[in-house]
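2 protein chains.
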Amino acid sequence: MKRSYIREILESINEHTISFAGGLPNKNLFPLKQIRQVSLKVLEYPDALQYSQSQGLESLRKEISNIYTNKFNFKTNKDEILITTGSQQAFDIILKTFQTDKMIVQSPSYIGAIGAFRALKLKINSFESINYLKNTLKKSNILYLMSDFQNPNTKSYTKEERMEIEQVLKKQSSILIEDGAYSFLSFDGKISQAISSHYSNSFHLGTFSKIIAPGLRVGWIRAKKENIQKILFAKEALDLHTSTLNQMIIFEYLNTFNLEDHLKLIREDNYKRMIFLSKCFKKFLPYFDFELPKGGMFIYGKFKDIDTMNLAKQIQKLNIAFVPASVFYHDDRVSYEARFNFTNLSYKQMLKGIKKIANFIDKHKYISS
Amino acid sequence: MKRSYIREILESINEHTISFAGGLPNKNLFPLKQIRQVSLKVLEYPDALQYSQSQGLESLRKEISNIYTNKFNFKTNKDEILITTGSQQAFDIILKTFQTDKMIVQSPSYIGAIGAFRALKLKINSFESINYLKNTLKKSNILYLMSDFQNPNTKSYTKEERMEIEQVLKKQSSILIEDGAYSFLSFDGKISQAISSHYSNSFHLGTFSKIIAPGLRVGWIRAKKENIQKILFAKEALDLHTSTLNQMIIFEYLNTFNLEDHLKLIREDNYKRMIFLSKCFKKFLPYFDFELPKGGMFIYGKFKDIDTMNLAKQIQKLNIAFVPASVFYHDDRVSYEARFNFTNLSYKQMLKGIKKIANFIDKHKYISS
Numbered sequence: 318m319k320r321s322y323i324r325e326i327l328e329s330i331n332e333h334t335i336s337f338a339g340g341l342p343n344k345n346l347f348p349l350k351q352i353r354q355v356s357l358k359v360l361e362y363p364d365a366l367q368y369s370q371s372q373g374l375e376s377l378r379k380e381i382s383n384i385y386t387n388k389f390n391f392k393t394n395k396d397e398i399l400i401t402t403g404s405q406q407a408f409d410i411i412l413k414t415f416q417t418d419k420m421i422v423q424s425p426s427y428i429g430a431i432g433a434f435r436a437l438k439l440k441i442n443s444f445e446s447i448n449y450l451k452n453t454l455k456k457s458n459i460l461y462l463m464s465d466f467q468n469p470n471t472k473s474y475t476k477e478e479r480m481e482i483e484q485v486l487k488k489q490s491s492i493l494i495e496d497g498a499y500s501f502l503s504f505d506g507k508i509s510q511a512i513s514s515h516y517s518n519s520f521h522l523g524t525f526s527k528i529i530a531p532g533l534r535v536g537w538i539r540a541k542k543e544n545i546q547k548i549l550f551a552k553e554a555l556d557l558h559t560s561t562l563n564q565m566i567i568f569e570y571l572n573t574f575n576l577e578d579h580l581k582l583i584r585e586d587n588y589k590r591m592i593f594l595s596k597c598f599k600k601f602l603p604y605f606d607f608e609l610p611k612g613g614m615f616i617y618g619k620f621k622d623i624d625t626m627n628l629a630k631q632i633q634k635l636n637i638a639f640v641p642a643s644v645f646y647h648d649d650r651v652s653y654e655a656r657f658n659f660t661n662l663s664y665k666q667m668l669k670g671i672k673k674i675a676n677f678i679d680k681h682k683y684i685s686s
Numbered sequence: 318m319k320r321s322y323i324r325e326i327l328e329s330i331n332e333h334t335i336s337f338a339g340g341l342p343n344k345n346l347f348p349l350k351q352i353r354q355v356s357l358k359v360l361e362y363p364d365a366l367q368y369s370q371s372q373g374l375e376s377l378r379k380e381i382s383n384i385y386t387n388k389f390n391f392k393t394n395k396d397e398i399l400i401t402t403g404s405q406q407a408f409d410i411i412l413k414t415f416q417t418d419k420m421i422v423q424s425p426s427y428i429g430a431i432g433a434f435r436a437l438k439l440k441i442n443s444f445e446s447i448n449y450l451k452n453t454l455k456k457s458n459i460l461y462l463m464s465d466f467q468n469p470n471t472k473s474y475t476k477e478e479r480m481e482i483e484q485v486l487k488k489q490s491s492i493l494i495e496d497g498a499y500s501f502l503s504f505d506g507k508i509s510q511a512i513s514s515h516y517s518n519s520f521h522l523g524t525f526s527k528i529i530a531p532g533l534r535v536g537w538i539r540a541k542k543e544n545i546q547k548i549l550f551a552k553e554a555l556d557l558h559t560s561t562l563n564q565m566i567i568f569e570y571l572n573t574f575n576l577e578d579h580l581k582l583i584r585e586d587n588y589k590r591m592i593f594l595s596k597c598f599k600k601f602l603p604y605f606d607f608e609l610p611k612g613g614m615f616i617y618g619k620f621k622d623i624d625t626m627n628l629a630k631q632i633q634k635l636n637i638a639f640v641p642a643s644v645f646y647h648d649d650r651v652s653y654e655a656r657f658n659f660t661n662l663s664y665k666q667m668l669k670g671i672k673k674i675a676n677f678i679d680k681h682k683y684i685s686s
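In order, the protein sequences belong to chains U and R.
Each residue of the first sequence is one higher than the one before, counting from 318 in this note's numbering.
Each residue of the second sequence is one higher than the one before, counting from 318 in this note's numbering.
Since the hints were made in silico from the structure, they are not lab data.
Incorrect hints may have been included.
[What the hints assert, rightly or not] Calculated pairs, BS3-like style, for lysine-lysine (alpha carbon to alpha carbon, straight line, at most 25 Å):
#1 R:LYS358 / U:LYS413
#2 U:LYS413 / R:LYS379
#3 R:LYS413 / U:LYS438
#4 R:LYS438 / U:LYS438
#5 U:LYS344 / R:LYS547
#6 R:LYS440 / U:LYS413
#7 U:LYS350 / R:LYS358
#8 R:LYS379 / R:LYS547
#9 U:LYS440 / R:LYS413
#10 U:LYS344 / U:LYS596
#11 R:LYS350 / U:LYS413
#12 U:LYS547 / R:LYS413
#13 U:LYS350 / R:LYS350
#14 R:LYS440 / U:LYS547
#15 U:LYS419 / R:LYS358
#16 U:LYS630 / R:LYS350
[Stated by the list, open to error] Stretch-level coverage of chain R by chain U, calculated; a stretch enters the list once three of its residues show a Cβ under 8 Å from a Cβ in chain U:
#17 350-359
#18 363-374
#19 430-444
#20 548-558
None of these values were measured; they are calculated from a predicted model.
We treat Cβ as the ideally placed atom computed from N, Cα and C, and that holds for glycine.
Bound conformation, chain U alone (with noise of 0.2 Å):
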C-alpha cells in the first residue's frame, strides 16, 4: 500500500522547512497552561491511568452532548456519544460494522478519508455537484463529505444546498458520515447547522486536535444510540478505548476553563494569519487564483497551467512545502489546483515562502500568467 503523500511530506519536514502543507494548528495557542494544571489535578488519582470503558468516560462524553445541544442546535445525550482516537479513527469504526459497496465522497476530499477507505479496500466514487449526487448516490453507497470549510477546498454548504442533500440522503436512506472537523472555526464564530441534526441514519464526526490540542488524539462520533451500540464491538475490537488520561485532561479542562474565550482567541488568530497570507499570495503570486476562506485553516486555490505534484516535488528540495491537489482526488488526476495551510508558520517564514515559490516559478520560466 502507498503511504500517503501528505505524510511524507511531513514527515521529511526538517526545522529549516517551510512547510504549507499538513493541517497542523499553531501550538503557540494551545492551552499549554491550562493542560498542565488540569493534568496535575487529574494525575492525583491513580484511575487516570486504569482502562476504562470502550464507549468513552460518560463525564467527557456528557460535556460533548452539550456542545452539540447548546453550540450546534442538535438535541444529543451521553448514549448518542462514542470517544475516537482522533476523529481519523471514527472511519475505521464506523466502515468495519457497517457495509458498503461504494464510497461516494466530495471531489477533492479529506486525504485522510481517501488514506482510510483505500486501506479498508472500499471502492471510491466523487461528485462535486448536488445534482450529480442526486444521480449517483443509492441506498448500499455511504455518503463521506465536511459542510463546514471542506478540507481541502474551503467550501461550506449553504442552508438549501445542505437541504437538498438532506433530500438525497433521505430517498435513498443511504447512510452519511459527516465531518464537522473545522465546524468551530468559522472565523464570525457561527457554527451552521448540521444535516446529520436533520437526518438520523448519520453519524457525525468531531475532534479535540484542531480546538484544544490534536497531539492528545481525541475525537468522537456522534450518532443515535441504536448505532453507537453497533459500532462499539468495532472500537473496543481496535484499541479496547481511547486514552483514559487524555479523556479527563480533555473533560477537566472544558469543565474548568471557557472553551469559547478559547475558540475566539483562535479564530481571530487564524483570521488574521489568512488575510497576510492572501496578501502575499496578492502581491507574489498574483496569478494563483483563490477565494478567501471564511474559515479552517486553508487557502486553496489554483494555477493556470502549473502541474502542482511537478511544482511540489521541485520545491521540496528548496525545503518548501505544500500540498499538490492531486492527492485530494481519489483518481490520482494532474492538477493545477493547491492547498496552503496558515495556521503553523511564522509571518516572516510564510512571506519568505510565497517569495520563494514565485522566483523559482521566474527563475524555471513557467508559464501562468
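With the hints as your guide, set chain R onto chain U.
Frame of chain U, contents of chain R only:
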C-alpha cells in the same frame, strides 16, 4: 457483531462488584507521582500537544529498542519499532497489511485477539499441541501466539517447544505474531528468548499497559525494518499516530526512573497476591483444579463438571465476576475452565469472593467433587 463477553462483564461492574474478570493491573502500584513529575516536565513544551510522526517518537523507539537489545537479548534498532495505541491496535495494523486466509491461534487464546480477528472477518483455526500445529500451519496462514504466561492459561513454552515452533515456521515461511504482553511479568524476573529473535518474518508485540499504566494506551510492534515500512500506511490510516503527550510521558519516565526497580515491585506484589488467591481456592474451592502460575496476572483452572459460563451468569447476580473459559475458545465450546485475575482486588475482596462462589455452589448442589 457480538460484543465481547469480557467487556460486557467489565462494563456491568460497579463499585460493589467483586471482579476476578478483566486484566486490570493493581492501580495502587501505578507510578503516579513519577508520572505527575514527568508530565509537568513534558508539558513545558507545546510540542507535547502537537501532531507527530506515524511511526512514533524517535526517542521512545530508541528506548524500546534498547530494552529488546539489553533485556530480551534480541538485537533491535529504532527503525524496527512502530508505536501503537495499545498493543491491541497491532492486530489491525498488521492484518490490514498482510493478507491471510486463516489465523492459527492457541487454544485457549487471548479474547482481544479473537475479537480483532473477528472484526476483520478472518477465519480462525486453533491448536493445542505443537504436533497438531505441524500438520495445520500453511504458508498462507498467520500464526498468533503468546510464548510467555499465555492469557488465559498462564503457560509458557519451554526452550525446546520454542525451537520446534521456529522449525514449523521456517518450513512454511508463515508470518508469526508473537504477543509479549506478559513477558516482563515472570515472578523470578527472568525473560525468556522470544521465538521472533530466531525468525525474521515475525511481529513481536509489546505494551506498557502491564508494567507502567494501561490508561496511557502505548504499545509497540517490533519487526524488521522492511515490514515496519509496510505496515506504516495502515497505522497512519487508523489514527495518524499515537498520542504525542503519552509517548513523551513514557519516554521521560523511562529516561528518569529505573524501570527494573518498578518491575520488581510489580512482580513481588503479583506473586504475593497469586499465593493468597491460590490458598483461598485450596481452602474453599478444593475441587477447582489448577497449577500455580510462574508469572502473569491470572490463575487458570478447571471445575470437574461445572459449565463455567452458566456459573458466571448466575453469580453475576451476586455481584461477583470471573471469566468462563468458553470465551477463550474461538468455537464457543462449553467449558469447565475459568480464569481468575489476582492483581486488581484487595485481599479481603478476593477471600470474600471465593467464599461466596463456594457457598453458591454448595447451596445449588452443583456436583463438583
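Structure-based check of each hint:
With a CA separation close to 39 Å, the supplied pair LYS358 (chain R) and LYS413 (chain U) exceeds the 25 Å bound. In summary, the hint linking LYS413 (chain U) to LYS379 (chain R) is not supported, as the alpha carbons are separated by about 34 Å, beyond the 25 Å threshold. For the proposed pair LYS413 (chain R) and LYS438 (chain U), the alpha carbon gap of about 9 Å is at most 25 Å, so the pair holds. Proposed proximity of LYS438 (chain R) and LYS438 (chain U) is supported: the alpha carbons are some 14 Å apart, at most 25 Å.
As the CA atoms of LYS344 (chain U) and LYS547 (chain R) are separated by approximately 31 Å, the hinted pair breaks the 25 Å bound. The straight-line distance between the Cα atoms of LYS440 (chain R) and LYS413 (chain U) is roughly 16 Å, inside the 25 Å bound, and the hint therefore holds. As the CA atoms of LYS350 (chain U) and LYS358 (chain R) are separated by approximately 12 Å, the hinted pair is consistent with the 25 Å bound. The straight-line distance between the Cα atoms of LYS379 (chain R) and LYS547 (chain R) is roughly 20 Å, inside the 25 Å bound, and the hint therefore holds.
For the given pair, LYS440 (chain U) sits about 16 Å from LYS413 (chain R) by alpha-carbon distance, which is consistent with the 25 Å threshold. Taking the CA atoms of LYS344 (chain U) and LYS596 (chain U), the gap is near 23 Å; set against the 25 Å cutoff, the hint holds. For the hint linking LYS350 (chain R) to LYS413 (chain U), the alpha-carbon distance of about 40 Å lies beyond 25 Å, and the restraint is violated. In summary, the hint linking LYS547 (chain U) to LYS413 (chain R) is supported, as the alpha carbons are separated by about 21 Å, within the 25 Å threshold.
Note on LYS350 (chain U) and LYS350 (chain R): the hinted pairing holds, with a Cα-Cα distance of about 19 Å set against a maximum of 25 Å. Distance check on the hinted pair: LYS440 (chain R) and LYS547 (chain U) sit about 21 Å apart at the alpha-carbon level, within 25 Å; holds. Using a Cα cut-off of 25 Å, the hinted pair LYS419 (chain U) and LYS358 (chain R) is violated, with the two alpha carbons roughly 47 Å apart. At roughly 48 Å between alpha-carbon atoms, LYS630 (chain U) and LYS350 (chain R) are farther apart than 25 Å, so this suggested pair is violated.
Proximity of the region 350-359 of chain R to chain U, defined as three or more residues with a beta carbon under 8 Å from a beta carbon of that chain, is established by the 4 residues found. Against chain U, the region 363-374 of chain R contributes 9 residues with a C-beta closer than 8 Å to a partner C-beta. That satisfies the three-residue criterion, and the hint holds. Using a Cβ-Cβ cut-off of 8 Å, 5 residues of the region 430-444 of chain R lie near chain U, which meets the minimum of three, so the contact claim holds. Residue count for the region 548-558 of chain R with a Cβ under 8 Å from a Cβ of chain U: 9. That meets the three needed, and the coverage hint holds.
Hint check: violations occur at hints 1, 2, 5, 11, 15, 16; the rest are consistent with the structure.
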